[in-house]
Amino acid sequence: MSTLERLQQVSEAPTKPGLVEKKKTFDVADLYQGPATGVDDAAAPDPRLDEKLRQAYFWVINHAIISPYYDIEYNEKPPQQYTFGDQKVKVNLPTDQSYSSYVLLPLLNLAVRRRCLLVGGPGRGKTAIAILMGVVSGYSLRDVKRAIQHGQPQMTIADLLGNPLPSTMVSAESMEDIKIAWRKWLEMRVKIIDEYNRIPTRTQSALLTVMADNYAEMYDQIYECPQAAWYLTANDDMGGGTYQVIEALRDRIDVMVKALHFNTRFLGELLLRVEEDIRPEEIVPRQVIFKPDELDRMEKDILRVHLSVELRRRLAFFAGHFEFFEPAARQLEYMTKDTAKLAGVEFNHLFAQETGKDRLADLGGQTVNGLSVRAFMTALTFVKAMAYFRGAREVSYEDIRQIIPFVLHDKLVQNSDSPFFEQKDAAALRTDHISWIRNLYDESCREYERLNLDREDPVAELEQEFEKGLEGVSDKEIRRRMTNIERLLSGWSKSRKLYGHMFDDILKLKYLHQRYTNYLKWLEWRN
Amino acid sequence: MITGPLADALKDGRKRFNARYAYHRALNRRLDPDVFADHLERVVNPIVDAVYNIDAGAVHPVTEALYDLSLELISRDCLGKNSRYPAVNTLWETFLPGWAVFLIDDPTKFAAAASNAVYNLTLQNGVDELEWMRRMDDVAAECSSLDMFLDAGKIAAWRCGMAHYRESALNVCGNTPDNLVRKLLGLNEENGATASEIAAALRDPWLDPVNMGKTHQRKLKITAIIGGFRGFDGPFIRPPEVFVSNQVLFAHDNEFCWSIHADVFGAILQRFGADLPDDLSTNSGPFKLNKNGEVTFGGLTKEFAPFKYAASYVSNNDTMALTMPRTHKIILIAPA
Chain A
20 MSTLERLQQV SEAPTKPGLV EKKKTFDVAD LYQGPATGVD DAAAPDPRLD
70 EKLRQAYFWV INHAIISPYY DIEYNEKPPQ QYTFGDQKVK VNLPTDQSYS
120 SYVLLPLLNL AVRRRCLLVG GPGRGKTAIA ILMGVVSGYS LRDVKRAIQH
170 GQPQMTIADL LGNPLPSTMV SAESMEDIKI AWRKWLEMRV KIIDEYNRIP
220 TRTQSALLTV MADNYAEMYD QIYECPQAAW YLTANDDMGG GTYQVIEALR
270 DRIDVMVKAL HFNTRFLGEL LLRVEEDIRP EEIVPRQVIF KPDELDRMEK
320 DILRVHLSVE LRRRLAFFAG HFEFFEPAAR QLEYMTKDTA KLAGVEFNHL
370 FAQETGKDRL ADLGGQTVNG LSVRAFMTAL TFVKAMAYFR GAREVSYEDI
420 RQIIPFVLHD KLVQNSDSPF FEQKDAAALR TDHISWIRNL YDESCREYER
470 LNLDREDPVA ELEQEFEKGL EGVSDKEIRR RMTNIERLLS GWSKSRKLYG
520 HMFDDILKLK YLHQRYTNYL KWLEWRN
Chain B
5 MITGPLADAL KDGRKRFNAR YAYHRALNRR LDPDVFADHL ERVVNPIVDA
55 VYNIDAGAVH PVTEALYDLS LELISRDCLG KNSRYPAVNT LWETFLPGWA
105 VFLIDDPTKF AAAASNAVYN LTLQNGVDEL EWMRRMDDVA AECSSLDMFL
155 DAGKIAAWRC GMAHYRESAL NVCGNTPDNL VRKLLGLNEE NGATASEIAA
205 ALRDPWLDPV NMGKTHQRKL KITAIIGGFR GFDGPFIRPP EVFVSNQVLF
255 AHDNEFCWSI HADVFGAILQ RFGADLPDDL STNSGPFKLN KNGEVTFGGL
305 TKEFAPFKYA ASYVSNNDTM ALTMPRTHKI ILIAPA
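The listed protein sequences derive, respectively, from chains A and B.
For the first sequence, my numbering begins at 20 and goes up steadily by one.
For the second sequence, my numbering begins at 5 and goes up steadily by one.
Only true hints are included.
Examples of chain B residues toward chain A, derived with CB under 8 Å:
(1) Leu73
(2) Glu76
(3) Leu77
(4) Thr112
(5) Lys113
(6) Ala121
(7) Tyr123
(8) Lys158
(9) Val176
Restraint ranges, calculated between C-beta atoms of paired labels, are given here:
(10) Asp132/B <-> Glu413/A: 45 to 51 Å
(11) Val252/B <-> Glu301/A: 42 to 48 Å
(12) Val252/B <-> Asn94/A: 36 to 42 Å
Looking from chain B toward chain A, a few residues come up when the C-beta cut is under 8 Å (computed):
(13) Cys82
(14) Ala116
(15) Ser119
(16) Asn124
(17) Leu154
(18) Gly157
(19) Ala161
(20) Tyr169
(21) Ser172
(22) Ala173
Just so you know, these hints were derived from the structure itself, not from any lab.
Backbone N, C-alpha and C define an ideal beta-carbon position, used for all residues, glycine too.
Sequences are here, hints too, so could you generate the full structure?
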């Protein structure tokens, strides 16, 4: 088989053995499925969309993008491990199907239709993967290429969104009379913004409206865009483009993927492509191209993936570390990094005031911000998408561990002055944010296990009690519950140190206590 | 030499067609330009002529579809002089010109579906793909739409021996015009049974449609012998053993498992996988075999003397499957 023939091969299902049930029934509609493509798919057996997504992944990874990296590692049994270099870097040989983030995350982004930032030096295939995602979502290569918005310093809002029709400009008596010739890319389900950090600030604001609220506005005219997967590219993630990226726009980016270097051992593969003049985006097999309704269905299926209470608590415990900032206020509710930031006070100045707490153990000290609601929503969506991609109907511990770093990469801002990074093995985590966030998650889980919260979580027990509802609960029972809350808070207050994970718990207990207080007052009034 | 409407259509889209050929040629170096040119001239040309005679406006879309499909199928050795499936060539050369009206309806869908159907029929031992094409040719004039033609094709495939499609083909019968179902199943024109009545009656797998409504004395008999040694083009590496699970008969040769499907129109083995299914049983079921080789079922008895040496036998509510110690074949016995 020639290299060129190989390029159109789609991995045979099942791409993840063990997931497919044995076929026990036969459908006569199968008669019309075979080597000739183009038969109406309605006659074909309904393929599992997660299988199709995996086939798309394996086609891209095997034939389109040379990305021989398995940085998203899964193991079903302990992997062989080797250490190299002065830093004793560990290289694992994964024992379960593992993935390249550079291909997987853009695909997951397509499946959940969020906003993905592809970062890396020039010529690393950022635009190529974005174009492939456009083709995989059913657009012709021509349409995808035409719809790419190339960031450049002279880009105006009209360049981005469209122009008012001159004839209506002349005859219009009010703004509503002006007709806008909206740019075609606005109607696309895949939107590609190349080098978004080269777009002038004013145009970035117009882009923000489209990205954040899914509509474009000009001359009081509104254009509602369809739900779309966004791909933005940038050579530099640290704001080193022509224009500083406005913070609100950066905040809208859901997941960040870094284009890794070209492995020179694969130069032969590259040479063959040059010699044969093969462009993968031109030969995407029909089997891995999604229809709009399939993308809709897939997103719904992903959101139905179950996240167990146990894992949700771990995730909440992890996120709880970061917002709390004791020196920022006198009242507990305001003891947040946001308070310090809004006051415009130098963060490290306040951080230096903290005393007595183990600054190496305090994970919150490694960041200068907490997590927003949007970051939580994105994290939950992407971990579900990861589980779905692996053919699971429930999120696993490893799904969260693998995906969280990519989702929080731009959301958690590192406090690189934290003493944590002064430690011998931690210096590299200042620059390797993926490993840093994964390390944060691992440390958080270790602490969670040390506190035995899977088995003994008094706040969760009180929460469960409350969630059963208050209807018919006697005042005696309410008082008992309130006493339990008070006793718990009393116990905690004896420990001198206050850490991030306790912050939300204390506030939750205060919330529960207040709800019970109000209910008790109402009961007393009624009686 | 390509002439007429095909030549004009190719000329109009010359650049585009050449680019498509170059693209497929780049993907598959075995795509022989002579084979492709011969196919266009000898096979596609008459089809396009037939389309032109019905609707000149359809020539361009049909040409585009057939050109692309030809490239695809020839690249995979499924069509053209070097095809591994001569029946697909027969379809294109002999039958597609006569079915031009369906090509006009949706050229890609129709040509691909018909080619795939013939390809799938070719893959099954004991199924006559030529009979399928003839049956379809017989009913083509009575099909008022492409979808009706394709539904008819499903019933015809079952009728030609694809017994594993039986259940879903019966469901298709219910939505197909009565006269079409009667014709596809070989019922004479005097038979006034509706498609639903026929489908209901044929729930009995061993009822020959021609005996519908007649008093027909059933006898236990060998209805099919299937399987065989892998060295002689059969599926089994060693003499298989038969099992039953949830009314489905299975055969296993210690390497692979096959499900057995049989009815009055044919018998077929379908590969099930390496493992045996769950809820497996070796109980003989409603068919009984005594030590003299006598098979009894539902008040019927028949002696098959050699069966007293049977290696394994099971049955479901309709059929008995039996294997012998020194053969790779499976014998099916049923009241037919």
